[in-house]
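A.B. asks: Now for the letters of each chain:
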Amino acid sequence: METNVEIANSPLQPSIRKTRKLKMSNHWKKVGLGYLFLSPFLILFITFTVVPVIQSMWLSFTYYNMLQPARWIGLANYSVLFLEDDIFLKAIKNTVIFAVITGPVSYMLSFMLAWIIDTLKGRMLFSLAFYVPSITSGIALSVVWLYIFSGDRYGLLNHWLLNWGIISEPVLWVTNTKTILPVVMIVSLWMSMGTGFLVFLAGLQNVSKELYEAGAIDGIANKFQELWYITVPSMKPQLLFGAVNAIVASFGVFDIAVAMAGMPSPNYAAHTIISHLYDYAFIRFELGYASAIAVVLFLVTLGLGRMAMKLFSSNDE
Amino acid sequence: MKEDRSKRTGWRKIAVWTLSLLMLNVAVGDGMLSHASERLRDRYLNQSGTDLGELDVVKILKPPYGNTLAEYEKKGYRPASGPEIVIPANRYSAYGGEKPAEKPFGDRSHPVLEWHKESEWLEWTVDVPESGLYTIHVDYYPLPGKRLPIQRELSIDGEVPFREAERIYFFRNWVDRGQPIQNNQGDDVRPKQVEKPVWMSVPLVDGNGLYPQPFQFYFSAGKHVIRLSYLQEPMAVDQIRIAPPEQIAGYDDVKRTYDERGYKPVQNVNVKVQAEDNPYKSDPTIRRESNGDPLMEPASEGRFRLNAFGDWRWRKGGQKATWTFSVPESGLYKIGLKVGQWWGDGLPSYRQIQIDGKVPFKEFELYPFSYSRDWRIETLDRKDGEPLLVYLEKGEHTMTLTAEVGPYQPIVEALTVDTQKLADINRRIIMITGPTPDPNFDYELDKRVPDLIKDIQALADDLGVQMKALQSISDREPSIVNSLRMMKSTFERMVKRPDTIPLQLTELTNSQTNLGTWLMNLQNQPLVMDYFLISAPDTKWPNVKSNVFQKMSSTFKNFLASFTKDYTGIGNVYKGEGTDGTVIDVWVSRGREWAEIMKELAEEDFTPKTGIRINVNTLPAGQLNSGTVNTLLLAASSGRAPDVATGVDSTLPVEFAIRDASVDLTQFADYPEVAKRFLPGAMIPFKYKNGSYALPETQDFNLLIYRTDILKELGIGIPQTWEQVYEILPILQQNGLQFYYPPTYLGFLPFLYQNKGEYYSKDGLKSGLDSPQAFQAFTEWTELYTNYKFPVIADFFNRFRTGEMPIGVSNYWTYVLLSTAAPELVGRWGIAPAPGHLNADGTIDRTTGGQLQSAVIFKQSKKQKEAWEFIKWWTSTDVQTQFGQELEALLGVEARWNTANMEAFSQLPWPEEDLQALTEQWKYFKEQPYVLGGYFTPRHIDNAWNRVVLAGQNTRESLEKAVKDINKELEAKQKEFGVSPATK
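Here the protein sequences come in this chain order: H and U.
Number 169 in numbering that gives the first Met the number 0 belongs to position 170 of the first sequence; there are no gaps in the numbering.
Number 306 in numbering that gives the first Met the number 0 belongs to position 307 of the second sequence; there are no gaps in the numbering.
Extracted from the complex, chain U is given alone in its bound form (with noise of 0.2 angstroms):
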């Protein structure tokens, strides 16, 4: 025992020598460390040539409504009373650009304000008898345009009043264009969303529903300018209409004058409305949805049935849809929507309620929809069950319902500063540590960063009141609050203890996340209904809720439909036989929407105007990529090919060509006219032997994404080429941050081409990498990660969010992630072309490629003519616009189409900063050319890379093995399919 603790002490001994050593060595070599690099700053920091004057000035942001509301109660204002001022619209007092047309349309027989995109600015001169609140009211009339909503800046006297006023939003009118009529396998078609312009008179509200009530805005007596600036889409106006705010009566004082009025209760009333008829509806994207619940009416029966409206689609605040009704008697009626609300984890969500287009008392301004599993009927009742009562005369009358933020709003404002306070704290945090501290040095934090432990603090607090805020909404405690109490608990455990921070650097940048999660989630406001009720308020409704058993014989009916249903196939299946003509079959390696829309088109335009029909089939994404079990060719080998395949992976076309099973292009006489649809450089892969055998339809490209705040902050401009990269990175890495850059062969392509070299030899039999060029290429590529210390694998979209990584060349995805997920970083981060190098004629060569997604016709297609007109149809400029314009009103922003027509890419609603970006780094697009046995260089490209970045190899000794092993395999392709192998 006793030798046992000895030996025991002496463990400890030495442990503890170790480790005291170890830290000293730390201690000291960061101390050197920080001294060296300080210097190194001083001596980049005014020499970095990159241009400073290229970056906007951060535009700061204007206080949102709520806080100006705030500000004019504090001073006072009250809202106005006394008669509305009218201005008709055609009174303008000045305007920009073209002077507007006047022309008269829909149901205004005189001629009216036409405001297209020329006139860039209105401006109308109005004088206000009194001083007070008002609200501004247009009639506005919606104009062709690219099926987005109208927007436009307001601007009292000169200036924005508040930041919602930077972007005024006048919807559209959308409709089904009719019942929907069933296909041939039984199923519901969801009919087309059309355009009815209608004239609507409108208060200035919110369009993303934060606040329920319209905007007041402040007008002293006296003579002031309203400015209307063009953001996007035409209209037409009739009038401005400045009027005081409409005060709305609470229930209680509404009741009063029912009784005053004598208006009683109707009897024996039961009007039936089903909500997937046919609403009005501001946004096309909200419609009708299918539930296959067995209550429902009408019920789905194991089939596709169109019997809901809303769902998770109707979750925007703002959206809204309009029901037209009729009772057959005048008196006072409840209201009743059978509604589920079984989204997100507890929190309620809101409805303004409105008939006739006004709100009838408070209670529907802001009417929660509580969190249930299951259907329900809805009475529109007071907390307290008492059914509100709505006064209805005989004859015709509207409902609607439009998605509210309501409650929520305040929080989410709050929680907007909390996350950029958060991103900047990480940030300052990071510029002293490092994005990877050492967890043996006290970085002596709370002295460093000046008012660190405070802000933190202050970010804890705040939580907390938001945590109670939302407590206070809903019934029971929803996971957000959760969540938000964890990410106090670990503030607070930094306030208390400093030194521990940097080692929960990580938890920093979670919580950042997670809160821009929550952020999003808050946001949304879903909502489903089968159907309203108006009836005489004794009315007894039925219990909407399935039971066990009803459920059961449902599911039942689904699993003995699945016996019988094709479901692979879209919309209408055809046999081609009788009266069905041609038909062709077509595979749409994406998403059922995708292909749905791509069906419904064909339907419309392509079938009247060819004769031919199409069958489609969808197969899950990424099934016709190559390298993988490829469903193309086992259908192939098996005889049994569609005619034409979509989504598929660009060296597959030229993989099958090189066996015969896909069909050359250029015999069609059009073909050269087609091919001017997309850029030269994107047709390169699918070229082979003299022809071509695939037309590109989506196209990534890779973009210089930056943070505008942390550049500027920095002092560092754009860098337009590599050389400025290199002269920024110093500054970027003083500080902690650093450059994102893709490790994959992706990367190797734009440094080949910028340094003018080639994948492959003239006649693409052997490889071009041997060439002086290349070497170059390789050593810029590979110094990236081995000089520059580049991050091989970073999850760029939360580290740049985080900040950690405030610019870097991304592709697209990246791209729609960013202006969709990342509401914290609005207006704080922009794009660029990619970085290039510098010719010798003083230009800069940014060449770059991006992967593409081809269309191919199959030899075993015995309908080729078809198949190519199909094609030729599908990548139009008009289809590809109408599809790209479809997909984002049905699926959203997310689902944008980068599609490879150059034309059609241009009318997809880009902003309009980032479409120059965008075309301009499209003038530089080259893809890789694809030839025999040409899956082995990026193959041997990759090995070559980590060769030299991980294993450490000399890089001319890795790419001269890389550029061997490609020969070879070559050669060995060019002999099995009897080409005669280069000449060495």
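Here chain H stands alone, though its shape is the one from the complex (with noise of 0.2 angstroms):
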């Protein structure tokens, strides 16, 4: 665009025309750079999540099957979603319920490891230990798992249990749909030491050693008050990251889920929102309704996620 103004300008005012030019090449120096080095992540973000959730978006206002075009049916979905789908709620009560438990626990638990850890001579090994299984595939930890909780009189659990005489028949741990939910719960919990957990690692050695020695003088007579007046409050970022992280985590559980307790799982006990989502799209083709669900658990995680930020950054900003 710019070159073409200056090839069409007469040559009578050039000064200011190119102080401008230069005034506005040089503003464009300053961003576009900027842009420049944003842009490989701008344009994979992009193309990659933002129109992909833009047009999910258009698809949960459709009827679309994959093999045939997608058709405009309004807010038939949505309607059929909230007041018709009795399944749909049992996922939503799932994945509360998982959330609820496993969100929290998980970030306390890897707050405080972190916590434990950093004080820990062998600090790197330890984090390793934890890290590890967050970033090993959920199927292949599962097969560890599913040895473990086999219904099966030799599974791991049901063989100790048996033999120490506590239960006296083998209890079908990911099939009874009465431990289908904790089972998957305790396992993810061992797999959420994740990217939260490295955080919290680094932002505990980012804190101020001055601050400790100040505290010491101000008179904090022990580790939790110095955990609880110092490290938390300068923590403020790590754990506001933390939290979101965790929220969406809980959230966006399935892999374990499915690979645990099967997909549909038995009597949907462990029916979560997504494995919901995935039922109406790769087994019963109704990808416009799975997108209307995409789009519902989108709003809900994005809200939660907004409700986190201000829980944690009230304070500051």
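These are computed hints drawn from the structure, not numbers from a lab.
Hints are supplied without guarantee of correctness; some may be wrong.
Going by beta-carbon spacing under 8 angstroms, a handful of chain H positions derived as facing chain U [to be verified]:
hint: 1; residue: Ser24
hint: 2; residue: His26
hint: 3; residue: Val30
hint: 4; residue: Gly31
hint: 5; residue: Phe60
hint: 6; residue: Thr61
hint: 7; residue: Leu66
hint: 8; residue: Ser149
hint: 9; residue: Gly150
hint: 10; residue: His158
hint: 11; residue: Thr174
hint: 12; residue: Asn175
hint: 13; residue: Thr194
hint: 14; residue: Pro263
hint: 15; residue: Phe284
A virtual CB, placed ideally from N, CA and C, is assigned to each residue, including glycine.
Could you use the hints to bring the two separately framed chains together as a complex?
C.D. replies: Right under this line is the structure:
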């Protein structure tokens, strides 16, 4: 654009134009360089995240089965979702139970563990040990857990419990509707020491040592007071990040549930929102409806994320 | 502090009291239980309505050849001397079945005996001049058959002399059809294996390579009758010769004769023969292989090159390969083989080396190739480093390498016996304690099971002996020795403290499984060979171990090649331009080997016949199942679906049909013809609205699998109906044994169909599970787990091996596993058609289903006619038979192709008695139909089962809820696709 303008201009007012152009290009230089550096991420982010999100919002108003072209049906998907689909309610219930328990527990657990490990000698080793499960494929790990929770009497847990005389016949951990959800929770807790945990570790090391010294002078008596009055307040950003992460993760639980309990799980006992979405998308081929579920999930997570931000950053900003 | 202590003692008191109360309860409860069950057993023992006569008497196994030979030695039998006795095969003294024909074969112009299946046995009478041990040689010529090794049973004077003689192998002669050609991707294409029949003169020898020397038979002076009985595959026989065993001299003696005759080492000769260069082979599964090492000849350079021979496939005893080479002058030569043996864990592999069909000296009879991670040139030498020189006349010679189990044989034999003993001990314990022993109860096993402690001790001692034997064979400690040591210490602990045995039941079971696995592993004798050298003794051979930089550069080349190479395509990839003609894309959701054979068959047979070329792409197995993120679906939605997909889950074709994405096959005029190849019951899932949308490829089935030995011991027969199953259950459970029945919805199908229920109403619009028949079926099915306490989750294969579940209904896969991976069970189990329900007319309805895999054509395809031609060709009897045979030749029995084509199925190499049970079961094959929203039926049957069995809900309520849920979904789907919902 700019070059075009320049060529079209009469040579009578070159100086003014030139300064303006210089200004513009100066500004553009400053910002443009920034965008240039940003562009690889931005392009990928837009094509692979923003566009699909918008597309799926559009799809949520259509009937689409992947094999035939999508057909506009307005709010029908949403009305079915909220008014008729009782399995969806069950999925929400499961997800909320799951999120309410694993979210905070895994959050606190990773913080406490990070805090403990931070004071230990072999920090790298411990943090690796806790971090590894979260980067390993959930499906692969579930093999191990399935052996532990096998409903066979040779399953590890059953075998012990039988040996100790606590139970008299094997418990079908991943088939019995009463035990499925707790089992899935335990496994996902074990796997949840992920990014949040690493960020906490990094954050702990960033807390200035002087603060502790100052605190000691001001009369902090023990480690817990130190934690509460110094460490936590100076780790706000990391805590926020961890919280958002934990919420998103606990609402997105799916892989582990499927690997442990199957798809669909017996009597929908481990049916989460994502399972429900998957059920509709790939078993029933109702992509439009699945998109509607995705949109709802998106809004819920977004809302909770905002809430977490309010909660953790209210004082400072 | 004081207060604290008193509190603690208080707790302790409570704990002690509770514990003792618990124990008392357990002890008393157990006592009462066993009384009650004893009466129960008495009540049922004689009333079991099953037919005892159905069970064959378990064949008492003959002693193995090793024992027989040892006995001969003990009796002082000596190898005979004197001339050999030649019996022309057509001078038989008696025959069974049809009289065999006579015809000239191969390069022998005189008429020889032609022996087909119709002649059941042949007998020859022979007059032996001198008592002693003899070997028997046979001149034979393989005749075309099912491409399997020829097998005969040998008996002398009406008796099979030892176990191995029950199955004598006569191998066919296999070669590559030519040099490998390169496809348009630059990769080698493995040439087809073809049989090249030639006259072979062989001594009778163990076909599994267990004994390196030919069998020796004892004949007293006088007349004897030798009988060969037909087991499988035809052959022509010219002569049978009875000869005194050949004595093979040691190298020292041979060397002395070299000196006496004035043989001199040759100078400046170095003959190299590439091992992959088309040797004669006894088995088509040993073949050219590819190795990526940079120093291979020829090196792979980022392509797929068939540059080696043998590899892991050349591991079974008895597999042999023969190379031809020629030397320019007469003299003494040393031999070097460029080999690798990096399998297993330190145990050497054995080969017998023959030059011109003879073992030149004792050292070559069993030559060890030790374990090493790298390629090496193995100079055939004595352990002291002196090379073993071979005298070769100028001209052509052959070298034969035969895989031998050799020194492992006695160990394998002993461990097999140990495994059986262990299984027996295990079972004797379980019969007292039950599968879930009470940890707080002292069963006094040492008193209640006679000789238990003695037997366990004997087992531990024998393991010690075998450990020593293994250690003496290998250079370093192999892991099997560790494994055996652990078992040994477990057993010794048990002997010391018999009261802990019930707690260690699992360890007994695990030991048994471990032993079984080791048994299989010990018999593996893999070896890979790049080339071999026949050289003057002073030749220096190059170093063939590639260094880090060579390896790195070759890895880098592979990495570069990965940018340009299409790894999913198989063989030639056609673009569909120019001379290619019509090209169709076929997706195969199976392993690479499957796809390769399919492609080869198509290029050989399909393309010449029709002019249609195919591109084959592999997808990970299971990707075409419904309920996964489905590649086909994604491809179809982006408009890039293939023309044909094979290996597709049976529910997918109709799912696609509903959405107008798959092709109705009934539109082709010859569809009714083609459909006749399959069982009508197998076509059910592909039908939708008068159309049919796929052809079945493979088909699973359910069978009754049982342990003959255990059932016989318990005195129960094979149940034919469920009533009879219920009758034998008390006897099984009294002995701590269980019956296995798969708990998924698949287990519901037989009950539903046998009760004459249906899944859906006639129009397919409503669930049919609200019928009284369906309710009856559901009740029976859930009662298996509620009333009869069938285990819900169990590893049937392992428990079958240990004998905890001596009988159960399972599928094809378990059957194959048992045939291939349970060596200790050989001859001790059988299969029968699954139990059924008695019809009003007295016949038994045994209807069961089985999962199918299918081939579909896509609507997006512009070449539907050609695609139809292809799946027609693919599912035809000949192609399916050949595919099955080649697959089995390549991958072994483990990969037996359970084709859905009925005729092809019966032509695969099933054991005769199994085929009977299988075909009987096939008569009753019926799968469930698939309708709009049909995926909800299995889901809610499972849910209903779960509610009844695990949550204790009322059967009727639970089933009604399921019906309601299913109907709701069916209706929703019908609305979605504009089908008028069923009238209520």
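A.B. asks: For every hint, state whether the structure bears it out.
C.D. replies: Outcome of the hint check:
{"no.": "1", "hint": "Ser24", "in the structure": "violated (40 angstroms)"}
{"no.": "2", "hint": "His26", "in the structure": "violated (42 angstroms)"}
{"no.": "3", "hint": "Val30", "in the structure": "violated (37 angstroms)"}
{"no.": "4", "hint": "Gly31", "in the structure": "violated (33 angstroms)"}
{"no.": "5", "hint": "Phe60", "in the structure": "violated (16 angstroms)"}
{"no.": "6", "hint": "Thr61", "in the structure": "violated (13 angstroms)"}
{"no.": "7", "hint": "Leu66", "in the structure": "holds (4 angstroms)"}
{"no.": "8", "hint": "Ser149", "in the structure": "holds (7 angstroms)"}
{"no.": "9", "hint": "Gly150", "in the structure": "holds (4 angstroms)"}
{"no.": "10", "hint": "His158", "in the structure": "holds (7 angstroms)"}
{"no.": "11", "hint": "Thr174", "in the structure": "holds (7 angstroms)"}
{"no.": "12", "hint": "Asn175", "in the structure": "holds (5 angstroms)"}
{"no.": "13", "hint": "Thr194", "in the structure": "violated (25 angstroms)"}
{"no.": "14", "hint": "Pro263", "in the structure": "holds (6 angstroms)"}
{"no.": "15", "hint": "Phe284", "in the structure": "holds (7 angstroms)"}
Consistency note: the structure conflicts with the earlier hints numbered 1, 2, 3, 4, 5, 6 and 13.
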